[in-house]
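J.: Chain by chain, the residues run as shown.
Protein chains: 2
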Amino acid sequence: MKHTFTTLIACALLSVTTLAADPLPSWNDAAPKQDIISFVESVTKEGSTDFVPAPERIAVFDNDGTLWAEQPMYFQAIYIFDRIKQLAPRHPEWKDREPFASVLKGDLKAALAGGEKGLLEMTMATHAGLTSEEFNKSVTDWLATAKHPKTGMPFTDMVYQPMLELLTYLRANGFKTFIVSGGGIDFIRPWAEKAYGIPPEQVIGSSIKAKYEIRDGNPVIVKLPELNFIDDKGGKPVGIHHHIGRRPIFAAGNSDGDFEMLEWTTSGKGARLGMIIHHTDAEREFAYDRESHIGKLDRGLDEGPKRGWTMINMKNDWIKIFPK
Amino acid sequence: MKHTFTTLIACALLSVTTLAADPLPSWNDAAPKQDIISFVESVTKEGSTDFVPAPERIAVFDNDGTLWAEQPMYFQAIYIFDRIKQLAPRHPEWKDREPFASVLKGDLKAALAGGEKGLLEMTMATHAGLTSEEFNKSVTDWLATAKHPKTGMPFTDMVYQPMLELLTYLRANGFKTFIVSGGGIDFIRPWAEKAYGIPPEQVIGSSIKAKYEIRDGNPVIVKLPELNFIDDKGGKPVGIHHHIGRRPIFAAGNSDGDFEMLEWTTSGKGARLGMIIHHTDAEREFAYDRESHIGKLDRGLDEGPKRGWTMINMKNDWIKIFPK
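Protein sequence lines correspond, in order, to chains A and B.
Quick note: the first sequence uses the working numbering, first residue 1, plus one each step.
Quick note: the second sequence uses the working numbering, first residue 1, plus one each step.
Incorrect hints may have been included.
To be verified - For lysine to any residue, the following SDA-like pairs were computed, each having C-alpha atoms within a straight-line distance of at most 25 Å:
| hint | chain 1 | residue 1 | chain 2 | residue 2 |
| --- | --- | --- | --- | --- |
| 1 | B | Lys269 | A | Lys117 |
| 2 | A | Lys117 | A | Asn136 |
| 3 | B | Lys233 | A | Lys117 |
| 4 | B | Lys194 | A | Thr49 |
| 5 | A | Lys209 | B | Lys194 |
| 6 | A | Lys269 | B | Ser138 |
| 7 | B | Lys269 | A | Thr49 |
As the list claims (entries may be wrong) - With the Cβ distance kept under 10 Å, some of the chain B side facing chain A (calculated, not the full set):
| hint | residue |
| --- | --- |
| 8 | Pro55 |
| 9 | Arg189 |
| 10 | Lys236 |
| 11 | Glu260 |
| 12 | Ser267 |
Claimed, not checked - If you only want the chain B side, here are some residues facing chain A, beta carbon under 8 Å, derived:
| hint | residue |
| --- | --- |
| 13 | Ser132 |
| 14 | Ala195 |
| 15 | Pro199 |
| 16 | Ser207 |
| 17 | Pro237 |
| 18 | His241 |
| 19 | Glu263 |
No wet-lab data here; the hints were simulated from the structure.
Every residue, glycine too, gets a C-beta built ideally from N, C-alpha and C.
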């Protein structure tokens, strides 16, 4: 009976803990926190009109600026710049070719002047030809030593503690949590499971094409210099459709690139929660919105409140930003 | 204490059931069944050299001919032919245009003469323009009444009982089960959860492109007449890479279209299981392999045994074919 009583005690303790503990301790007791808790309670309460069966509890999260920081530029761009510097000896032509030349000169503003197109060109130049396993290792190795230019922190330490709590809280209530990022799907997968508890198969993102081939007798997946999918703006609901095949009931983002994902999520029937994180904390993180070159939030700032979306003011609503 | 004792009894019963029951009752006690059980036991036994942590227990299954029947032609082709007949009044030009003309005349052999390309053209003509929700409903409505031309059974009754048991057995051992089909991803999703216990987000397949738009004030995903991805042959490992982002440890298929998926799966490190279902039972199902126009199995029949793949002889290894 020893095992029996241990189990009983464990069960009793678990129940007490579940009832007593605050699932979102880094969130101030303000409207957003109440919105989240009310929403989760309504969709999980059997018999309630808003009840949603567990398999349909799909929650989607943008990554850059929503789960981790994105200033002064997307962390993947920093990775790409480091890769360009690393590969430069093998590409003497880059010295005279933009945007590579600007990267090598350290003029990051000029390097980013080409916008999405320039970034895509650099992505393909630095990722193509690698096998899936080589690319995975390259990202993992980079993250192990690279530091953020302003905070000096490892990038994976710059995830948002309140969002980690939200992910855990949703999963504890039967939700399946997905990342839906404009960033590269294969850039996020190597570390998302450890950082967020989100497995590779629940990461959706932009991608380049790939092919299967036998290399030296071993089957490999090789990345190709050809665009496959841009998971941004109207591409986000499409990416959700291709990967998940049903409409989420919860979506969180921070920029106008997430607008359509929130619109698609919240226009379904029944209880829905759309969330916009507004970066308002210049002291603890960054403050930016309508005029930002990264994570521009303009339309969402005007329309979000009218559409009943939960607007997070980082400075006021979050007790803590980063875990450490 | 009432609750307590009930729980104890339930736990005790559960343990006894787990130990006593045969998880694969429709499989004869032959080598393939032993291969499956040995594999599952080795990867789930903590401390064993073959142990695989639960999140990495990814199992992938072809659909047509592996989880449900595929003769005399893919069931999706029968759906497409029915759609063409239904839509014909709105497309008078189809009377004079192949392959549509042959479908309308009931000459299915001629209709299929164009192979993959012709089927794709028909797929796009009948699927494009529909929203994701309209398409879902169209498939669901069709399955509710359509009958197999030979057996007269509803198509969703023509799933293989031994494979349902295998899916359940793998999931009970911490595996995540995926479909990786050459067929249309959106054709499979509406019924895969009920038929196989596989949710939409664990279905990978061929697809046409889609776009997000606002139609009459409502956001919709609309299917476009443009190919997105063919999930067959070397496309299967690529589809797995895009959707799952890690290499499976278990793969089952039945045709040479599954060869690369099995090759990719079984060439990883550690314990792996590749399975080929050989259709050998003309009496209870269908018998076909090297010469078949659907589900051709030639290379796999020669190389499978040499590569250590588990070869299923349907006639000998399966006690029961269909659930009913």
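J.: Evaluate each hint against the coordinates.
T.: Verification of the hints:
1. Lys269/B x Lys117/A: 38 Å, violated
2. Lys117/A x Asn136/A: 23 Å, holds
3. Lys233/B x Lys117/A: 32 Å, violated
4. Lys194/B x Thr49/A: Answer holds: Lys194/B to Thr49/A is near 23 Å, not above 25 Å.
5. Lys209/A x Lys194/B: 32 Å, violated
6. Lys269/A x Ser138/B: 20 Å, holds
7. Lys269/B x Thr49/A: Measuring from Cα to Cα gives roughly 49 Å; hence the hint is violated.
8. Pro55: Nearest chain A Cβ about 5 Å off; hint holds.
9. Arg189: 5 Å, holds
10. Lys236: 8 Å, holds
11. Glu260: 6 Å, holds
12. Ser267: 5 Å, holds
13. Ser132: This hint holds: Ser132/B lies near chain A, its Cβ roughly 6 Å from the closest one there, short of 8 Å.
14. Ala195: Not OK, violated: Ala195/B not within 8 Å of chain A, min 14 Å.
15. Pro199: At about 5 Å, which falls below the 8 Å cut-off, the nearest Cβ of chain A leaves the hint on Pro199/B intact, so it holds.
16. Ser207: Where the cut-off is 8 Å and the nearest Cβ of chain A is about 6 Å from Ser207/B, the hint holds.
17. Pro237: It holds, given that the least Cβ distance between Pro237/B and chain A is near 4 Å, below 8 Å.
18. His241: This hint holds: His241/B lies near chain A, its Cβ roughly 5 Å from the closest one there, short of 8 Å.
19. Glu263: 5 Å, holds
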